[in-house]
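Just need the whole structure built from these sequences, with the hints factored in.
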Amino acid sequence: MVFNDGRQWVRALKKRIGRVSLPSAFDSRLALRFVTFVVAPSVVFALIVLLFSAWSLQTTVRQSDQAMRDRQVREVRATIAGVLDELAQTQGGVAIWDPAWEEARKPDPDLDWIEDNVGIWLHHTFGHDSIYILNARNEPLFAMVDGKRSDADSYRKVAADLAPLVDSARGIGPRPPSVHDRLDGHALHPDSTVRTSEYAIHATDLAKIDGRAAAVSVMRMFPSSYWNEADAGTEPLLVSVRFLNSGLRKSLADFGMIEGARVTPRPDLPGSGTLSLRLKSSTGEPIGYFTWRPQMPGRAILKSIRGRVIAALAAMAVLLTLLLAGIGRLMARDAKLIGEISAAHTELQAKEAQANYLALHDSLTGLPNRTAFMDFVDRALSAHHGGEGPAVMLVDLDRFKQVNDTLGHLAGDRLIEQVGERLFAVTPSNGMVARLGGDEFAICLPAGPGGPEAVAIAEAALEQLREPFSIIGSTVHIGGSIGIALAPRQAVARTELLRRADIAMYRAKEQGRDGCRVFSADMDRTMLRRLRIEEDLRKVLTGDEGLYVQFQPQYTAEAGRLAGFEALVRWTHPTLGELAPDAFIPVAEDCGLILPLGMWVLKETCRVARAWPRLGFAVNVSPVQLRAPGFASQVTAAVCEAGVSPAQIELEITETMFLDTDESIRSTLAALRKAGFRLAIDDFGTGFSSLNYLSRFHVDRIKIDRSFVARLGQDVQAGAIIETVISLGQALDVSVIAEGVETSEQRAFLQLAGCNTLQGFLFSAAVDERDLPALLESRRPALSGL
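In my numbering, the protein residues as written are 1 to 786.
A few of these clues could be false.
What the hints assert, rightly or not - Result set (DSS-like, lysine-lysine): computed pairs, CA atoms no more than 30 angstroms apart in a straight line:
(1) Lys280 to Lys157
(2) Lys280 to Lys148
(3) Lys674 to Lys603
(4) Lys603 to Lys539
(5) Lys208 to Lys157
(6) Lys336 to Lys351
(7) Lys539 to Lys509
(8) Lys106 to Lys157
(9) Lys401 to Lys674
(10) Lys280 to Lys208
(11) Lys106 to Lys148
(12) Lys148 to Lys208
(13) Lys509 to Lys401
Read the hints as simulated data drawn from the structure, not as lab findings. In this text the structure is predicted, and so the values were computed from the model without any measurement.
Here it is as structure tokens:
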């Protein structure tokens, strides 16, 4: 692991995330996909639908028109057949009639009568164009053409055209009977449509008369009331001709189906818009063509809807265009969203990679964090298969908090970074250095190093930590305490290995810091002792007896008068015996029991102080107490509840606590000062106090640490320091007290230097509450007789 590379990787990852954007080649790819997968299929589909619709419409039109043509042909055929049958039927009214029969049989018939009763009747009533009456020799007796009586020559012009039908009516000739005939000696045609009386005998057919198509019917005349077989074959014949050009057009017009009907010798040319029906006789003789303008409903409908179809197609084209445009916009939007999602996915992957990295690395130093370190230790332990196992070192920085408080958190961060770099430099490449949090680091060496090599690496790390650090223009000196635990001889599980390394680190701190210690069994016993003390202290604070307070007197240096007492907590342990404060106060601070313990000591002191209101009582205060929320109000309430003035109570705080820039501590001290409590700096001279702090934050007394007093007469520098502290107190108008005075020489030096108050075994050891009255009764100067 190279932590510098890790930090560079994080920076590169952030830079990469910042560059994530939508692809620039989106437009061309989208256009190609849009044309290929949307426009082309849509246009092809639309063309297919259009062509199919056009084909279907055209087929429907063609079928509709064809059905109409077929119907009209059938109607024309039926009409022609009807004309033929009607022609014969209308003949029967006069052909089978006694007067007409008798008149036609006369040698000299009355033509006027025949004209009035036969010719005019048939012509005007039924529209017969030509009417002829023939005798037994087929000679014309009467002729009428177009409603006017004519001579016999008019018949002779058409006699040849009428001959086949005349012969057929006489019962001679080769002509077979047609569907319109009723002939003597012949049964009706199976498809016969004749409407004449069963007594009628006639030959009816289409024929070309004088070059014109006509319906012709030749009927035998005979009486309706009697019949003489002898007359058979000699009956007169009634011939009726009806030209198709006139009669048929009228009949068809009556149906309202045929327009522009005419009879032509030949059909019209293709494309003329007409329809022609070939006319022929029953024997197949061509008669001509019946031509007309057929009704074309399909074409008419198509013509009528052409504009609407064009409008619909235009609307469809517009809708298709709008649809494609809308789809294009949707595709563009979706593509943009996909691009954004892709970019977001890329960014998410980058952030996930970053998160994975940060989850296993410290963001400040780039070193592996606690999680990564634990995993590395687990893998190192799993890989161990005999011999020396992994070694774990826990590194805690000394005096880091002072640097952080005096120079600020930014300086603390820079210091942590430089410490990480130095520890990384001394860690073997196959090992790992990690930051566990705060100012605590850890080093794991894989299997094989053994105790001496681990100690050598720890010493190298300490040498690096002893070197000065350049932090924001300031030179900083710190140190470190390192605890070492070795596997498998000292532990085989990761949690136990780390616990024992932690115990060794605390032993290094207890023994003066700036050193390393390898875990040993006695350290574990010490830790077990601490745990036992913690457990028993909890019991004592809940009501069990054992704790008590002693009071060490303090005397004025000049007159030797009793000035006050320092309250000192003591504990008579049921199995460990008498325990000094150093044996259980640190334990109480670590486990959080210092708060109830300190409050108990304060209340006990106030209870005693109430009996001697003119004497001051000093109580030691822990940093943990000062950081506790509401501590100032709790102390004030406890003192007032005991009936003691806050001015009688002096709160002793350590020099390092006085320098703490923690806002909670500063506000607590200010609140206590405002409430009337006296403040004293304990162990003065062991920390980094400055005139700036002493002048800005007023204290009532400073206490010279016993370590300086003990070296008087042995170390010239110790005397110089004491004189300097006393001079400083005089300059700041702050009282100075020296503790640990045990010899007359020490007392004399301090008295001569100008120290205000003295405390130590030379005058009196700490006494119990019950001994205070005797001590106060003596009221003699403590210095007399010494």
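A quick look at each hint next to the structure:
1. Lys280 to Lys157: Cα-Cα ~21 angstroms, so holds.
2. Lys280 to Lys148: holds (29 angstroms)
3. Lys674 to Lys603: Roughly 20 angstroms between the alpha carbons, so the hint for Lys674 and Lys603 holds.
4. Lys603 to Lys539: holds (19 angstroms)
5. Lys208 to Lys157: holds (12 angstroms)
6. Lys336 to Lys351: holds (21 angstroms)
7. Lys539 to Lys509: Holds. Lys539 to Lys509 sits at ~28 angstroms (cutoff 30 angstroms).
8. Lys106 to Lys157: holds (25 angstroms)
9. Lys401 to Lys674: Satisfied, since the Cα-Cα distance of roughly 27 angstroms is no more than 30 angstroms.
10. Lys280 to Lys208: Holds, because 9 angstroms separates the two Cα atoms, which is no more than 30 angstroms.
11. Lys106 to Lys148: Within the cut-off at roughly 22 angstroms; holds.
12. Lys148 to Lys208: holds (21 angstroms)
13. Lys509 to Lys401: holds (15 angstroms)
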